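If you read the sequences in order, they're chains A and B. Using UniProt numbering, the letters of the first sequence correspond one by one to residues 1 to 84. Using UniProt numbering, the letters of the second sequence correspond one by one to residues 1 to 228.
Any given hint could be a false lead.
What the hints assert, rightly or not - Label-pair restraints from in silico Cβ distances:
hint, chain 1, residue 1, chain 2, residue 2, range
1, B, 30, A, 75, 20 to 28 Å
2, B, 51, A, 29, 32 to 40 Å
3, B, 49, A, 34, 30 to 38 Å
4, A, 75, B, 49, 24 to 32 Å
5, B, 36, A, 23, 37 to 45 Å
6, B, 30, A, 34, 22 to 30 Å
7, A, 23, B, 87, 22 to 30 Å
Note that these hints are calculated values from the structure, not bench results. From a predicted model like this one, the values you see are computed outputs, not experimental measurements. Just so you know, even glycine gets a beta-carbon here, dropped at the ideal spot from N, CA and C.
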Amino acid sequence: GPLSEQRLMDVRLGHLPMWLAICDFSPQGLLGGVQKAWSSYYNKYINVKRGGPAGISMLLAGYCLLSYGWNYQHISKISFLVSM
Amino acid sequence: VLHSTRLLHTSQQCSAPVPPLPEKGGEVRHGLIPEEFFQFLYPKTGVTGPYMLGTGLLLYLLSKEIYVVNHETVASACILAVIIYAVKKFGSDVAAFADKLNEEKVASALAVKNEAIKDLETAIEQEKKEQWRAEGHSFLFDAKRNNVAMLLETNYRERLMTVYSEVKKRLDYQVAMQNLKRQKEQDHMIQWVEKSVVQSITPQQQKESIAKCILDLKALSRSAQAAA
Numbered sequence: 001g002p003l004s005e006q007r008l009m010d011v012r013l014g015h016l017p018m019w020l021a022i023c024d025f026s027p028q029g030l031l032g033g034v035q036k037a038w039s040s041y042y043n044k045y046i047n048v049k050r051g052g053p054a055g056i057s058m059l060l061a062g063y064c065l066l067s068y069g070w071n072y073q074h075i076s077k078i079s080f081l082v083s084m
Numbered sequence: 001v002l003h004s005t006r007l008l009h010t011s012q013q014c015s016a017p018v019p020p021l022p023e024k025g026g027e028v029r030h031g032l033i034p035e036e037f038f039q040f041l042y043p044k045t046g047v048t049g050p051y052m053l054g055t056g057l058l059l060y061l062l063s064k065e066i067y068v069v070n071h072e073t074v075a076s077a078c079i080l081a082v083i084i085y086a087v088k089k090f091g092s093d094v095a096a097f098a099d100k101l102n103e104e105k106v107a108s109a110l111a112v113k114n115e116a117i118k119d120l121e122t123a124i125e126q127e128k129k130e131q132w133r134a135e136g137h138s139f140l141f142d143a144k145r146n147n148v149a150m151l152l153e154t155n156y157r158e159r160l161m162t163v164y165s166e167v168k169k170r171l172d173y174q175v176a177m178q179n180l181k182r183q184k185e186q187d188h189m190i191q192w193v194e195k196s197v198v199q200s201i202t203p204q205q206q207k208e209s210i211a212k213c214i215l216d217l218k219a220l221s222r223s224a225q226a227a228a
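Assemble the whole structure, with the sequences as input and the hints as a guide.
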């Protein structure tokens, strides 16, 4: 099908730059992309009859990683003087 | 201007009936990594590939101090242990409770639907009964028509009877009048005749008649004497 309508996982590696060029980076486009991603995640892992801990645990793990990445600058400055 | 012939729903989407929710969510291994990742690496590295990748990544992060080991590591390890213990121990109970809540909701909705269906079915029954009753109306009207005809007949007969009796009364009166008149005429005539006869007997005629009677009587006595 047309390249602009394929999802990221379906794009072939050679077509990736072209796909990135076609992609819609306006605020509405980004918002739409975020909404699509969230709705696909929600419908796959949370909005089911018998879900498990996987749905929110992945969200929490992602949050942990993201916050670690944001605070890396602060964490990496280990003060040796405190332990002494 | 809204063209009334244009279809209102132009897209294929339709919200009713809502498709049912999938039974299970996407497969996730160890609660953190989706199964697709393992399937993605399986053709090239087999079963142990992702685990080797994970171990190598972990050692790299630790050795390069990209992941710093400090007090937070210990705290997070303890919290993770508690969370995993809680999930393993109480997970099934919580799941059963949530399932029970869902079941109750679905059961109440189903009960409402069944109630509505039952009410509509009783309404259908009553409708059919009413239709059957309406069919019987023709018999009712026939009976009523018969009643009315009978009333009319009785009324007519009564009036006929009244007419007959009235006419008979009048005719009887006329007959009685005629009889009375004739009788009166007869009586009057008899009286008049008697009176006139009595009047016509003058004293002269009376004497003559008495003498004649005496003569007749004498003659008779003579004949009787002669016979005897």
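So, going through the hints one by one against the coordinates:
1. B:30 <-> A:75: 20 to 28 Å: Given a distance of about 25 Å, which is inside 20 to 28 Å, the answer is holds.
2. B:51 <-> A:29: 32 to 40 Å: holds, 38 Å
3. B:49 <-> A:34: 30 to 38 Å: holds, 31 Å
4. A:75 <-> B:49: 24 to 32 Å: holds, 31 Å
5. B:36 <-> A:23: 37 to 45 Å: violated, 22 Å
6. B:30 <-> A:34: 22 to 30 Å: holds, 27 Å
7. A:23 <-> B:87: 22 to 30 Å: 38 Å Cβ-Cβ, so the 22 to 30 Å window is violated.
Violated hints, in rising order: 5, 7; the structure is consistent with all others.
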